[in-house]
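Sequence lines, in order, name chains A and B. Mapping the first sequence onto the numbering used here, position 15 (from 1) lands on 32, and the numbers just tick up by one. Mapping the second sequence onto the numbering used here, position 287 (from 1) lands on 279, and the numbers just tick up by one.
These are computed hints drawn from the structure, not numbers from a lab. Values in this document were obtained by computation on a predicted structure and should not be read as measured data. Backbone N, C-alpha and C fix where the C-beta goes; we use that ideal spot for every residue, glycine too. Heads up, some of the hints might be wrong.
[What the hints assert, rightly or not] Cβ pair distances, simulated, as ranges:
(1) B/8 with A/130: 55 to 61 angstroms
(2) B/120 with A/248: 32 to 38 angstroms
(3) A/251 with B/1: 55 to 61 angstroms
[Unchecked claim] From the structure, some residues in chain A lie toward chain B, with a derived Cβ separation under 7 angstroms:
(4) 62
(5) 63
(6) 65
(7) 95
(8) 158
(9) 163
(10) 166
(11) 171
(12) 176
(13) 180
(14) 220
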Amino acid sequence: MIGPLAVVFYRTFENGFDAAWAALSSPDTIHAFKLTLIITAIAVPANTVFGIACGLAIVRRKFRGKGIVNAFVDLPLALSPVVVGLSLYLLYGRDGWFGAWLSDHGIQVLFALPSMVIATIFVSLPFVAREVIPTLREIGDEQEQAARTLGASSWQTFRRITLPAIRWAVIYGVILTTARCLGEFGAVAVVSGHIQGETETATLRVEERYQSLDLAGAYAISIVLAVLAVLVLVAMTVIRPKEEAV
Amino acid sequence: MSIVVKGVSKRFNDFPALENVSLAVETGSLTALLGPSGSGKSTLLRVIAGLEQPDEGEVVIFGDDATGVAPQKRGVGFVFQHYAAFKHMTVFDNIAFGLTIRKRPKDEIKNRVSELLELVQLKPFAQRYPAQLSGGQRQRMALARALAVEPRVLLLDEPFGALDARVRSELREWLRRLHEEVHVTTVFVTHDQEEAMQVADRIAVMNKGVIEQVGGPRDLYENPESEFVMSFIGPVNRVGDTWVRPHDLELLSYPSDGADEAMIERIVHLGFEVRIELTRADGEKMWAQVTRDRCEELELEENQIVYLRPQHERVFSETFEPLTQ
């Protein structure tokens, strides 16, 4: 882990600070980071809500096809992101199922933000649900039943009892989801169209700089992504001890 | 009547948990639902609370049909065997929960909670978390939490089941005294006949999803209507078709009419009470309960031949399979 990271660091500043700074401050790079953050900012809340709802449905409710839903939550982990991207391409492309209807109504999904957000949501789908499900099982539903007998509605029970009880699992899941969203490459690469300054995310930008033989630039962007990843890890280790204390 | 249950049935998959159960609970009473595990007593309590929906029948609470009503609208307080403490809240916030939900003014909440803390003797622990309390303290907190919203009925599901013997007997006493102070109609579930008899003023004995008999503790002990009630409430000896309590088995040192010969296998001294384990001439094993004085008077010894004269023998017309315990 540390070896390759150190090399990346070394290479970035090999040609001096200025080259790295120039690569980072170019409008296309800044746009790429902005895009990555926008996508993350949409995908993480969406998956947090989905993950909690999904966990509650799987653990607390009885319904037909529960096994299928449970297995489906894990699908994005098993499926290669490139395949995810390709299937979105097939759905939303010009000859796809929804493609024609959408373009008739002037909605651009493919090669634009919507498809990139959908692709990112899909690949980072399981993390919150997978953290929340075992915690929900562990706490059981007696506290929730007690809250009901004390007069709490479903929403009040969720807000005041369930959510605080699973909060660390949710936070942990959110952190993992964030890391996954920031680093997503495969699925987004297929659906984005690689338009510089428009649909290029930070990871795509690394690849583009690398292909253009701008190694210093590629390394500099990688460094920022690596630092973000480290921050995420630090956030996780800061949270962990608290979790044990409760 | 505070609670009236009419013809309630409930199945879990293929298992009939309750079969056409009817029960009336008097206002202000302290009633026990007593039975072995799987007898349906907890299910009945949960049906009254609205935590389970009956397949058939109805539940009436203070004259209102509560059958389809959600638990939060029934005005019942429920105490769980494993406390169901809100782990992320302090003792104070746990007890205040029902009042906070009802958006009562802060001052009122504070006064009511400190009143209840006093009642359950947890005043010094108000700012602790449930994890920092003992089992008995947690259960008292759960009780205060249920009482905070002034429920019309208080339901307790094996409230002392998870506690050790000493704490359990303390809490029994305490619950009895609390009931005398607060006087809220209370129903509690237990599998412990001693607990039921010590705490409750009425007991409903349940077996296999059916209420076998309802009555006062003494009434049930002295006039059991079925073999099940006879054998579940208090110790028994079964001799063929007749049943006799160990203390109703008189020991004589001389032969007498209607007295059977038996040999003393073992003598167990339990202080005031002495248990005499016997084998009758026909091979039937049984035991008799005598006082220490009576044991000394008869000069009982192991391997000695004595004569048994049963008092208050009982024969039940309906037979049932005895409990394997």
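Hint-by-hint comparison with the structure:
1. B/8 with A/130: 55 to 61 angstroms: With Cβ atoms ~58 angstroms apart, the hint holds.
2. B/120 with A/248: 32 to 38 angstroms: Cβ of residue 120 of chain B to Cβ of residue 248 of chain A: about 36 angstroms, so the range 32 to 38 angstroms holds.
3. A/251 with B/1: 55 to 61 angstroms: Since the Cβ atoms of residue 251 of chain A and residue 1 of chain B sit about 58 angstroms apart, the hinted range of 55 to 61 angstroms holds.
4. 62: violated (23 angstroms)
5. 63: violated (26 angstroms)
6. 65: Where the cut-off is 7 angstroms and the nearest Cβ of chain B is about 19 angstroms from residue 65 of chain A, the hint is violated.
7. 95: violated (33 angstroms)
8. 158: It is violated, given that the least Cβ distance between residue 158 of chain A and chain B is near 9 angstroms, above 7 angstroms.
9. 163: OK, holds: residue 163 of chain A within 7 angstroms of chain B, min 4 angstroms.
10. 166: holds (4 angstroms)
11. 171: Violated. Min distance 9 angstroms.
12. 176: Violated: closest Cβ of chain B sits about 10 angstroms from residue 176 of chain A, beyond 7 angstroms.
13. 180: violated (10 angstroms)
14. 220: violated (38 angstroms)
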